[in-house]
Amino acid sequence: MSDYQVVQSKSPVFYNRYERKSELQHQTHYCSGCGHGIAHKLVAEALSDMGLQDRTIFVSPVGCSVFAYYYFDVGNVQAAHGRTPAVATALKRARPESIVIAYQGDGDLAAIGTAEILHAANRGEKFTVFFVNNAIYGMTGGQMAPTTLVGQTSTTTPWGRRPSNEGFPLHMAELIATLEAPVYVERVALCDNKNIMRARKAVRKAIELQRDGVGFSFVEILSPCPTIWKMTPNEARQWVADKMVPVFPVSVFRDRKPPAIENGGPRQISVIELLGLGEFSPAVEEPVAPRSGRRNLTIKIAGFGGQGVLLLGQVLAEIGLREGLEVSWLPSYGPEMRSGSAHCHVCLSTEPVGSPLVEHPDVLMAMNEISLRKFAPQVVSGGVVIYNRDALPADFAVRQVRVSCVPASELADQLGAAKAANMVMLGALIELTHVLPREQALAVLETTLHDGALLEIDRRAIDAGIDFVRKAAVPAA
Amino acid sequence: MRQLCKGNVAVIKGAVLAGCRAFYGYPITPASEIAEAAAQFLPQVGSTFLQAESEVAAINMAYGAASAGLRVMTASSGPGLSLMQEGISYLAGAELPCVIVDVVRGGPGLGDIAPEQSDYFAMVKGGGHGNYRNFVVAPASVQEMADLTMLAFELADRYRNPAIVLTDGFIGQMMEPLELHPHILHAPEKPWAVRGSRETRGNLITSIQLEPDVLEAHVRKLEAKYKQAAEVEARHELYRADDAEVLLVGYGITSRVLRAAVDLARKRGVRAGLFRPITLWPFPSQALAQAALYSQMVFVVEMSTGQMVEDVKLALDGSVDVEFFGRVGGNVPLAEEICDQLMTRMAMNVDWGV
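Protein chains in written order, with this note's numbering: chain H, 1 to 477; chain D, 1 to 354.
Since the hints were made in silico from the structure, they are not lab data. Heads up, none of these hints are tricks.
No more than 20 Å apart at the CA atoms, straight line, and that leaves these computed lysine to any residue pairs for SDA-like:
id, chain 1, residue 1, chain 2, residue 2
1, H, Lys21, D, Ala217
2, H, Lys21, D, Glu211
3, H, Lys205, H, Ser48
4, H, Lys374, D, Leu334
5, D, Lys225, D, Glu189
6, D, Lys221, D, Gly130
7, H, Lys21, D, Val214
So here's chain H without its partners, still in its complex pose:
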């Protein structure tokens, strides 16, 4: 009993006539003796034998096999140079029932697309890679490949590949096999019938593993390129056996079940529920109509990172929103946020907010001295400065601005919650401007904080701010 069969018919996965070619539609564009012809045939036969033709999406690379879609009567997508594994990743995830074949050459996979193949393999993407390694760039006319052998000449290594200049050939199958996720990695060689039969089995196994949803499978195929190597087809096959196989050993590098998979992801909900629309909208009262009296306010809040400057701004904007006002919140962001100063701009208005950038705020909430010195001169005439100390610095004065010194950090410390200084400032703002009501502030905190203890601290901090401003307003006896 032989373990192979002689196939004389053409696989139905190949078109009868290659109509996507402009001429010579009865034959392929591959040279005689080229390994692509054999590799294509092995893939096509496997797909037809397994009845997968309709489900298959073949991703062609850049290289001689860029035109694989001339031949494969399956869904075809052609990808940018090296990006086939990225394209295949999304195709497979978009259509999990499909059979995605990523077919790549050595320049595509092992040079320009090294990142894409390693990461797709590392994620264990459930598609199949056929990596055709012929140690040369064929389509562009014989330049060095990442798999070109040491000493092998090419148009870009005219004196032979020198490790001192070009490094050593990359062993992709071995590299892929160092990763956790791949389930099957094998290297085969198209150098004689026995090895071609081994390749046939490997191709089938790789596709079967995808069909069964097992995981990432990778077959490296050492392949002759007689034209560029300047050999006859027979010499080229022999060269694969004599020169390539010793460098790229033919072997199974990985054949195992996938590592255990963890959790199954989040609970599935509808878009409407996700966005809080329709009947799923959270129970927040409709905003009240803007009340009369002063409602427009531009506020700048500034301080050190960690003083809750940005959060205070967001709370103000949320209070304004619930009061039926137009609002905007604009932060300073990035490294500033982490290493020193942070500030944000809040606009509250009965009209749509024009520029969210506050050039001249009605109110400056300065959490530290630097912010006071930097921004107080920008406050509008008749505006308010709330400064987080019990007095202004001795050498500092601002004109035509009402200054309220509120030692917010100190008051928060007395409450045993240093981080609530921003809420003390909020209380001061409420009392000084009478634009935002205390009740709405508490309502906002109630829906954003889910910790009763924290809420109580913030409530006491806000009240401490309100009380301090009230007491300060009473002239000393």
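Please build the complex by placing chain D on the supplied structure of chain H, with the hints as guidance.
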């Protein structure tokens, strides 16, 4: 119900409503919240989120998902967009719809992470190789981050072409009220997609056309498509422009500041108005020419050294004096500064006597 929302997050809320089924991205300041929101939201409604190994991979994953017929998007900032240009060219060449968000930061190179509008050329004029165009929409508010992302999905599918949401660090990072309606968009039928099914077995997605005549025919087809889109898809907005002797032109965050500058200029006795392009490609050239018909000066303000101003000049074709003022590096031109610049330039023109 109106909710307070960050611009970058609004992009994903709009995308979810637009029926976006996949997001492939890579983090970068100031765009990362888009990827984070996508990671949070999309898997809850059965859609894909994947953090790619690079922007190069991300845009090619988008190419794959688009090939399979999914509404797909990615987002980044300038340096990432530079890496994506290859993929955008392939998307356009293969006629694949895809939404790409650019939250612009200061450049060139690593630049800084503060807002700029310096990616106009790269996004509006192409940036990748070959004869193609991107649709480009420019939101000026958090609400528009959602609305124009939805529009971008519609344009991308309608014309089978990439559509860019060109915004900046400010719009991305700021919070404003956002109102969404429970109206979910659906992608049109895509009989050309490759789905791994019997019906789509004969389909091919590719951008390679080696025969000169075949490629020329393909490029002419794209050209005709762009010409048709240019006639019907340009969008703009006017503010106090009816009687404007000076027309200010700006997009995105700058247009917000320009509104304040218009009001300020009018207080100072100058009849100023604002023309704000909402689509940067197609550029609303005809509408601009119309709006500037009775203006004595057009004053373009950008957070760049002058990029969109070239399209303004092309649109006006020498019919009116075009002046430019720009700030870069993350500095935003302020209304007062703009107004001062405006007055100075008007004073330089002796014919005016304002």
